[in-house]
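Asker: Residue numbers (numbering that gives the first Met the number 0), protein chains in the order written: chain A, 0 to 149; chain B, 0 to 179; chain C, 0 to 656.
Source of the hints: derived by calculation from the structure; they are not laboratory data. Worth double-checking, as some hints may not be accurate.
Claimed, not checked - Straight-line C-alpha distance at most 27 Å; calculated DSS-like pairs for lysine-lysine:
# : chain 1 : residue 1 : chain 2 : residue 2
1 : B       : Lys66     : B       : Lys175
2 : A       : Lys26     : C       : Lys524
3 : B       : Lys175    : B       : Lys44
4 : C       : Lys381    : A       : Lys98
5 : B       : Lys116    : B       : Lys106
6 : C       : Lys381    : B       : Lys44
7 : A       : Lys94     : C       : Lys381
Stated by the list, open to error - Partial list, derived from the structure: chain C residues whose beta carbon lies under 10 Å from chain B:
#  : residue
8  : His6
9  : Phe7
10 : Leu11
11 : Leu291
12 : Thr298
13 : Ala308
14 : Leu317
15 : Thr321
16 : Pro333
17 : Leu365
18 : Leu372
19 : Asp375
20 : Leu377
As the list claims (entries may be wrong) - Here chain C is said to cover these stretches of chain A; the calculated rule only asks that three of the stretch's residues, wherever they fall, bring their Cβ under 8 Å from a Cβ of chain C:
#  : region
21 : 82-91
22 : 101-113
Because the structure is a prediction, the values reported are computed rather than measured. The beta carbon of each residue, even a glycine, is placed where N, CA and C say it ideally should be.
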Amino acid sequence: MKRVLILLLAILFALPALAVDPSEMLKDPALEARAREIGQALRCVVCQNQSIDDSAAEVARDMRRAVRERLTAGDSDAQVFDFMVARYGDYVLLKPPFKLGTLVLWLGAPMLLLIAASAIMLTALRRRATAPLPPLSDEERERLRSLLGR
Amino acid sequence: MSRRLLFLLPLATLALMAGFFAWSLMAGRDPASIGSVMVGRPAPKLDLRALREGDKPLTDALLRTGKPTIVNFFASWCTPCLAEHPLFTRLAQRDGAVIIGIAWKNKPEEARAWLAKLGDPFLYAGQDFDGRTGIDWGLSGVPETYLIDGNGIVRFHFRGPITEKDVRDTILPFLKGGKP
Amino acid sequence: MIPELGHFALILALAVALVQGTLPLVGAARGDARLMALGSTAALTQALLVVIAFAALTQAYVTSDFSVANVVANSHSAKPLIYKISGVWGNHEGSMLLWALILAVFGAAVALFGANLPDTLRARVLAIQALIGVGFLAFLLFTSNPFERLSPAPADGNGLNPLLQDPGLAFHPPLLYLGYVGFSVTYAFAIAALLEGRVDPAWARWVRPWTLAAWCFLTLGIALGSWWAYYILGWGGFWFWDPVENASLMPWLAGTALLHSAIVVEKRDALKSWTVLLAILAFSLSLLGTFLVRSGVLTSVHAFAQDPARGLYILAFLLTVTGGGLALYAWRAPKLTSSGLFQPVSREGALILNNLLLCTLAATVLLGTLYPLFLDLLTGNKVSVGPPFFNATFVPICAPLFAALCVGPFLGWKRAELWPALQQLRIAFFVSVVAAIVAAVAIDSRSTLAAVAFGFGVWLIAGSLVEFASRLRLGRAPWAESMRRLRATPRAAIGMTISHAALGVVVLGAVATGAWHLEVIQTLKPGEKTRIGGYDITLVRVDNVQGPNYVAERATLDVTTGGRPFTILQPERRLFTVQRRQVAETAIHSDGLRDLYAAMGEGDPNTGWVIRLYLNPLAPWIWLGAALCAFGGFVSLSDRRLRIGAPSRRSAVQAAE
Numbered sequence: 000m001k002r003v004l005i006l007l008l009a010i011l012f013a014l015p016a017l018a019v020d021p022s023e024m025l026k027d028p029a030l031e032a033r034a035r036e037i038g039q040a041l042r043c044v045v046c047q048n049q050s051i052d053d054s055a056a057e058v059a060r061d062m063r064r065a066v067r068e069r070l071t072a073g074d075s076d077a078q079v080f081d082f083m084v085a086r087y088g089d090y091v092l093l094k095p096p097f098k099l100g101t102l103v104l105w106l107g108a109p110m111l112l113l114i115a116a117s118a119i120m121l122t123a124l125r126r127r128a129t130a131p132l133p134p135l136s137d138e139e140r141e142r143l144r145s146l147l148g149r
Numbered sequence: 000m001s002r003r004l005l006f007l008l009p010l011a012t013l014a015l016m017a018g019f020f021a022w023s024l025m026a027g028r029d030p031a032s033i034g035s036v037m038v039g040r041p042a043p044k045l046d047l048r049a050l051r052e053g054d055k056p057l058t059d060a061l062l063r064t065g066k067p068t069i070v071n072f073f074a075s076w077c078t079p080c081l082a083e084h085p086l087f088t089r090l091a092q093r094d095g096a097v098i099i100g101i102a103w104k105n106k107p108e109e110a111r112a113w114l115a116k117l118g119d120p121f122l123y124a125g126q127d128f129d130g131r132t133g134i135d136w137g138l139s140g141v142p143e144t145y146l147i148d149g150n151g152i153v154r155f156h157f158r159g160p161i162t163e164k165d166v167r168d169t170i171l172p173f174l175k176g177g178k179p
Numbered sequence: 000m001i002p003e004l005g006h007f008a009l010i011l012a013l014a015v016a017l018v019q020g021t022l023p024l025v026g027a028a029r030g031d032a033r034l035m036a037l038g039s040t041a042a043l044t045q046a047l048l049v050v051i052a053f054a055a056l057t058q059a060y061v062t063s064d065f066s067v068a069n070v071v072a073n074s075h076s077a078k079p080l081i082y083k084i085s086g087v088w089g090n091h092e093g094s095m096l097l098w099a100l101i102l103a104v105f106g107a108a109v110a111l112f113g114a115n116l117p118d119t120l121r122a123r124v125l126a127i128q129a130l131i132g133v134g135f136l137a138f139l140l141f142t143s144n145p146f147e148r149l150s151p152a153p154a155d156g157n158g159l160n161p162l163l164q165d166p167g168l169a170f171h172p173p174l175l176y177l178g179y180v181g182f183s184v185t186y187a188f189a190i191a192a193l194l195e196g197r198v199d200p201a202w203a204r205w206v207r208p209w210t211l212a213a214w215c216f217l218t219l220g221i222a223l224g225s226w227w228a229y230y231i232l233g234w235g236g237f238w239f240w241d242p243v244e245n246a247s248l249m250p251w252l253a254g255t256a257l258l259h260s261a262i263v264v265e266k267r268d269a270l271k272s273w274t275v276l277l278a279i280l281a282f283s284l285s286l287l288g289t290f291l292v293r294s295g296v297l298t299s300v301h302a303f304a305q306d307p308a309r310g311l312y313i314l315a316f317l318l319t320v321t322g323g324g325l326a327l328y329a330w331r332a333p334k335l336t337s338s339g340l341f342q343p344v345s346r347e348g349a350l351i352l353n354n355l356l357l358c359t360l361a362a363t364v365l366l367g368t369l370y371p372l373f374l375d376l377l378t379g380n381k382v383s384v385g386p387p388f389f390n391a392t393f394v395p396i397c398a399p400l401f402a403a404l405c406v407g408p409f410l411g412w413k414r415a416e417l418w419p420a421l422q423q424l425r426i427a428f429f430v431s432v433v434a435a436i437v438a439a440v441a442i443d444s445r446s447t448l449a450a451v452a453f454g455f456g457v458w459l460i461a462g463s464l465v466e467f468a469s470r471l472r473l474g475r476a477p478w479a480e481s482m483r484r485l486r487a488t489p490r491a492a493i494g495m496t497i498s499h500a501a502l503g504v505v506v507l508g509a510v511a512t513g514a515w516h517l518e519v520i521q522t523l524k525p526g527e528k529t530r531i532g533g534y535d536i537t538l539v540r541v542d543n544v545q546g547p548n549y550v551a552e553r554a555t556l557d558v559t560t561g562g563r564p565f566t567i568l569q570p571e572r573r574l575f576t577v578q579r580r581q582v583a584e585t586a587i588h589s590d591g592l593r594d595l596y597a598a599m600g601e602g603d604p605n606t607g608w609v610i611r612l613y614l615n616p617l618a619p620w621i622w623l624g625a626a627l628c629a630f631g632g633f634v635s636l637s638d639r640r641l642r643i644g645a646p647s648r649r650s651a652v653q654a655a656e
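Next up, chain A with everything else stripped away, as it sits in the complex (with noise of 0.2 Å):
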């Protein structure tokens, strides 16, 4: 039995580890938290909708390890963006980028918010015109007061 534990167990060891482990992680703390940070915002390829911070596959630890090289080479975070883009894609942005192919995908809400709201402005504003609620006078203002007995 305990010949089949180990066997299972190093079944275990063989399986990656999860997320971001401490061999990978830079020595200088503000590149490290650059990298943190650019991970959390680069999809794992070959994951169901995980940054590659938060998967456990090979070519995400890849890609982490390539992350944190231009760092150490002195790339900015929009040149380690223009890296991965360069190599897989906008699909690896998990934040989609912002041009023709998105203009929908970024202001079709916004716009569907205006949209609905010029409507409904314009629907008030013609009942206001069809219907107006007259303002009460000084007069009227104060024979409510004494009715209602304040």
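Place chains B and C on chain A using the hints.
Answerer: Only chains B and C this time, still in chain A's reference frame:
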């Protein structure tokens, strides 16, 4: 009249969305496929230690010989690589294809033993133990195969094992000089 | 024998549902009382039959009857009993049966508790409910039969996904489905109203309790799912904007909008077509979610096994239900007339703004979730839409929503003035600004956004409490007067205050955990120590342990603070032997104000083990807040006025306040 149209808007939106869903289901679209941005661009750089002892290191020059070249990333621990390997052997022997093999995240001795056992179709073979070259080539795993024309431009990028159909419809025409 | 009984019960249920879905509609159109009454009888019969079917499947799981294919695929004799039971719905067929069960039971509930509904309305509602049931029962019987037999029966099953052998995830589907299916009742009410051609305040009053109940369960279901993700995935996150999470958020947003919109219909006889539309949309979004999860059009960490054929069926069903509903809406809704007029600055105006913003939020989530699919089909380009997108688009819209949330209850119906309302919230505003400044200065000077968001959380709580205090005339009237007012306050108002404040609690928890958590990741050998926050953590040892259906490595971490022992954390990495899957068991110490969270990665005695530690401030508030939110909803639900249905003089006076 325009008020009526406003009330039809939700239904119209639904029709549009449903159209896309039906299209997706019937076209058999694979939501996990990630496409490839390599096609149509010059091949990424190649700068690797040779896999086989005594060979010269692999460089970019190998990709610009004027002949169509196949680049195959593989590993001895990868089961689909086992399945596709005979196809490469046949391509090398029967069709004289120039194939460059790259052992990805594979201990060199294990990769060499695997090739010794199954046959070695690779004119040149390199080792990418830490996966750096894989990243440069936009690799997402093994096996993946790239078809590179004589000018060093990537013409096709297979993610996953190649099949008989791929050989027949894409690789052989490519080797004969036509576009796949 | 028993599985066959269950199968037969399902077939009968389908037949009854067909009857229930047609005859009462005819009866309502003709005014035939007997046909209409048939709806109630059929609803009760259908519920009984589906209960029998569900019980039969449960029995097969509990007794590990491996002659049933579904049990073989999803269960194992070594599984603990509670997970055998939750395994009933932990797969596609079983979960569809759960849907059908809850649909039928809700239908029966309408039959039993809807005595005060007009006969025609009740008959139509039951009929629509039954037609939806027909869709699910037919789907079950023709494509996803849970009672299929395997011959010869294998010796044991293939086990269940180890991720599902967990209390949080085991009970997350039933709560979610109670929410989704609850919205089917409001959908049925909406369709019935469109068929009648009438939406009046009475209708809104009848719809409210069902919407509330569905919304409460959906809130709990989403919170439970989020909590599960937090403690199982191992790095402290709790919301990932994954398509399946989004699929449950969208109906929740629509349901929240519906809840508030119905108030305007009830109190002021306005906003009718919008409320009906929201009722249709809430359920449609629930169905859309079901479609997205099961059809394979999107990838997700949660999705059930993909099957395009099933996907096409669900799509057809979605089209029928939503398309039919929206077509009816396009035809009939323009004829709905409203009588309530109001100024832009009024409670109606605030509720319209609320509607607008919530719908925009839902549209944002919908666009973000589906866009990659659309773009891929149209152009072949692949994009990803992940948390950074939603943080940039969803979160900013919450700002005006939260700001208006506290102001709305101070505005009167029909017309109001903004400045006096804002004046009353002076204290709340002041407290929020102070909180934001303190957060920015004392905690984290880098992220002003987090401090502002924190301020919003405080605003929500303070604003709700201030409103409640003003309702009681606290401080302005004698104590006895305030107490009298408290006793006279309708439960719905108390529920509102609790839920609105609870939202603030959730925001505080989410901001604090998201922006200000501490993280320490280190490789430790037994005997080595590290530090996080004010805690010293020592890795004492790592043991190999054996569970009922797994083997695991367990790390024992000794936590001390200031030299004094504090607690012991024992995170594990489990390998489930049958499935060959690895699952992390995190160890969390929670004191209600923060979570000390430990997870272990791989390692061995020579190099040490990767230990990940997080200090998550206010994390428990996320789920406590969500539970409190749902509790507020249940408090509202217990308001007697909702169950009586007829407007009383008293409530008319309170509505005018």
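Asker: Each hint should be assessed against the structure and marked as holding or not.
Answerer: Status of each hint after checking the structure:
no.	hint	verdict
1	B:Lys66 x B:Lys175	holds (10 Å)
2	A:Lys26 x C:Lys524	holds (20 Å)
3	B:Lys175 x B:Lys44	holds (25 Å)
4	C:Lys381 x A:Lys98	holds (13 Å)
5	B:Lys116 x B:Lys106	holds (16 Å)
6	C:Lys381 x B:Lys44	holds (24 Å)
7	A:Lys94 x C:Lys381	holds (12 Å)
8	His6	violated (28 Å)
9	Phe7	violated (32 Å)
10	Leu11	violated (32 Å)
11	Leu291	holds (9 Å)
12	Thr298	holds (5 Å)
13	Ala308	holds (9 Å)
14	Leu317	holds (7 Å)
15	Thr321	holds (6 Å)
16	Pro333	holds (6 Å)
17	Leu365	holds (9 Å)
18	Leu372	holds (6 Å)
19	Asp375	holds (7 Å)
20	Leu377	holds (8 Å)
21	82-91	holds (count 4)
22	101-113	holds (count 9)
In the structure shown, a violation is registered for the earlier hints numbered 8, 9, 10, in ascending order.
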